[in-house]
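Enquirer: So the chains spell out like this:
There are 2 protein chains.
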Amino acid sequence: MRLSRRDLMKKAGMAAVGTGFAGLSLSMANKAIGAGQEQQNKIPDLPWPYKKLDPEAVAEAAYEGYYKGACSYGVFEAIVAPLRKEIGFPYTMMPSTLLVVGQGGVADVASLCGSLNGAASAIFLVTGGMDKKLRDASYSIIQDVFLWYEQTALPDYRPKSPKYEIIKSVSGSNLCHVSVSKWCKASKFKSFSKERSERCGWLTAAVAKYTAESLNKYADGAFKMAYPLSAAAKACRSCHDKGSKLENTRAVTDCGGCHFTPSMKQEHPKF
Amino acid sequence: MRLSRRDLMKKAGMAAVGTGFAGLSLSMANKAIGAGQEQQNKIPDLPWPYKKLDPEAVAEAAYEGYYKGACSYGVFEAIVAPLRKEIGFPYTMMPSTLLVVGQGGVADVASLCGSLNGAASAIFLVTGGMDKKLRDASYSIIQDVFLWYEQTALPDYRPKSPKYEIIKSVSGSNLCHVSVSKWCKASKFKSFSKERSERCGWLTAAVAKYTAESLNKYADGAFKMAYPLSAAAKACRSCHDKGSKLENTRAVTDCGGCHFTPSMKQEHPKF
Chain C
4 MRLSRRDLMK KAGMAAVGTG FAGLSLSMAN KAIGAGQEQQ NKIPDLPWPY
54 KKLDPEAVAE AAYEGYYKGA CSYGVFEAIV APLRKEIGFP YTMMPSTLLV
104 VGQGGVADVA SLCGSLNGAA SAIFLVTGGM DKKLRDASYS IIQDVFLWYE
154 QTALPDYRPK SPKYEIIKSV SGSNLCHVSV SKWCKASKFK SFSKERSERC
204 GWLTAAVAKY TAESLNKYAD GAFKMAYPLS AAAKACRSCH DKGSKLENTR
254 AVTDCGGCHF TPSMKQEHPK F
Chain D
4 MRLSRRDLMK KAGMAAVGTG FAGLSLSMAN KAIGAGQEQQ NKIPDLPWPY
54 KKLDPEAVAE AAYEGYYKGA CSYGVFEAIV APLRKEIGFP YTMMPSTLLV
104 VGQGGVADVA SLCGSLNGAA SAIFLVTGGM DKKLRDASYS IIQDVFLWYE
154 QTALPDYRPK SPKYEIIKSV SGSNLCHVSV SKWCKASKFK SFSKERSERC
204 GWLTAAVAKY TAESLNKYAD GAFKMAYPLS AAAKACRSCH DKGSKLENTR
254 AVTDCGGCHF TPSMKQEHPK F
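Taken in order, these protein sequences are the chains called C and D. Quick note, my numbering runs 3 ahead of the 1-based positions in the first sequence. Quick note, my numbering runs 3 ahead of the 1-based positions in the second sequence.
Note that these hints are calculated values from the structure, not bench results. The reader is advised that the hints may include incorrect statements.
Copies of the same chain look alike in the list, so a pair counts if it fits in one copy or across any two.
Lysine-lysine pairs mimicking PhoX-like chemistry, simulated, CA-CA at most 25 Å apart [to be verified]:
1. K54 x K237
2. K54 x K166
3. K88 x K248
4. K166 x K245
5. K88 x K45
6. K197 x K245
7. K163 x K135
8. K166 x K188
9. K245 x K171
10. K45 x K171
11. K171 x K193
12. K171 x K248
13. K248 x K193
14. K185 x K166
15. K237 x K185
16. K227 x K163
17. K71 x K136
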């Protein structure tokens, strides 16, 4: 089949046949090619579309991803990769390598656990946005993952082909530093050992799995926070958080993860 | 000017004039339009190209951004927006709204300070990558920003049109919780007051400015870490960090930001 001039112009999305083509640039011609393609020249607002995921497949992918791009990338890409495969654009435009930076509590600083940082980004990508209502809904899911993490004996997922067997520990904190220190104390392994690294691979898988389960519930309209703040933390917040007498701090975490020394407990005013 | 069939086909990137057009789809036609456009169908690997920025303009944009999308978005978008304007693709495809999630130490949890989380992502976007050498180089810049943050009286940048005047404080930590608590103690303002929010706006500007200055130095091949770990933290690490006798934790931070109680100091073994 030989295409006519009219056919060619039609294929190029040019409606006004025979008029106004002087100075038409390649980029302009490209912009004119179909609404679908035009959309792909602009990144859409959050939240991006979500399709329910297989949590166990996500966990296995996260474990693999950990050994490629560390904890934060491991969780994030385990959620994003199947969405990229199923949905395509805009996930094809997500530079997931950016999430590598969450490694070891961001750039190996051992601040916020990378698996949680990656989970937060994945959750926000598919549920969040600039709008306050979107932020609030997304933050509820994220806070639940954070509180589950600090209250649960982890890792609670065993990869199908692990390098070592790994024991569980409770972090009581969302911080890499605390989480690693607690596990080292429980396991007797060193903080830069291969076993500790493997533990963080399992943990990445566990966080990715719980995140996928949470997102699946949210997609079904069935999400509710399963891990509220501990009674002890609520007691602290009653004097220190928003709307309290002192209102001199902010936190959604178990305070005992850092305020743990005997003098802290002895010297603190009775309440 | 009226374009000939040959001109139209040339503009559509179709070299083989008069042959093989049967069944040509719009997406195929689009893919054929120039190498530049073809590249835009795939997101490039990190690091993305960087052009030196005006640190003061970045600071002002970050302050504005804080009141739109909070601390993490404020820093990140203040770096990315001018690059999007100057360079275009791939920055046109970066969903910067994703960075909103860093708000208040991620989803208002008060963990890692959002301005630092946003700075880390911006730095990694333009200097990092999956490769270990890229990670190491990028992490040095990020760690320097983190240590500058915790050792410096901040905010050290005053926006041109502030809502309130703001006093400085030293956080001694990279955590939102600690940074906010220290500032509340110094200023006597409450943790959810408008003044505290304004302080975090100034802080967002200050972090963005220091980040842009660091990236400019890196672009000139003149970056070196300006804020090493404190002597006190180095002493702690000598027994607890990688390669030490205990090797039972990890951290690149001033330990005293959390381990601050008298009993901690009294009960710790002499070294």
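Enquirer: Could you work out which of the previously given hints the structure breaks and list their numbers from low to high?
Expert: 1, 2, 3, 7, 10 and 16
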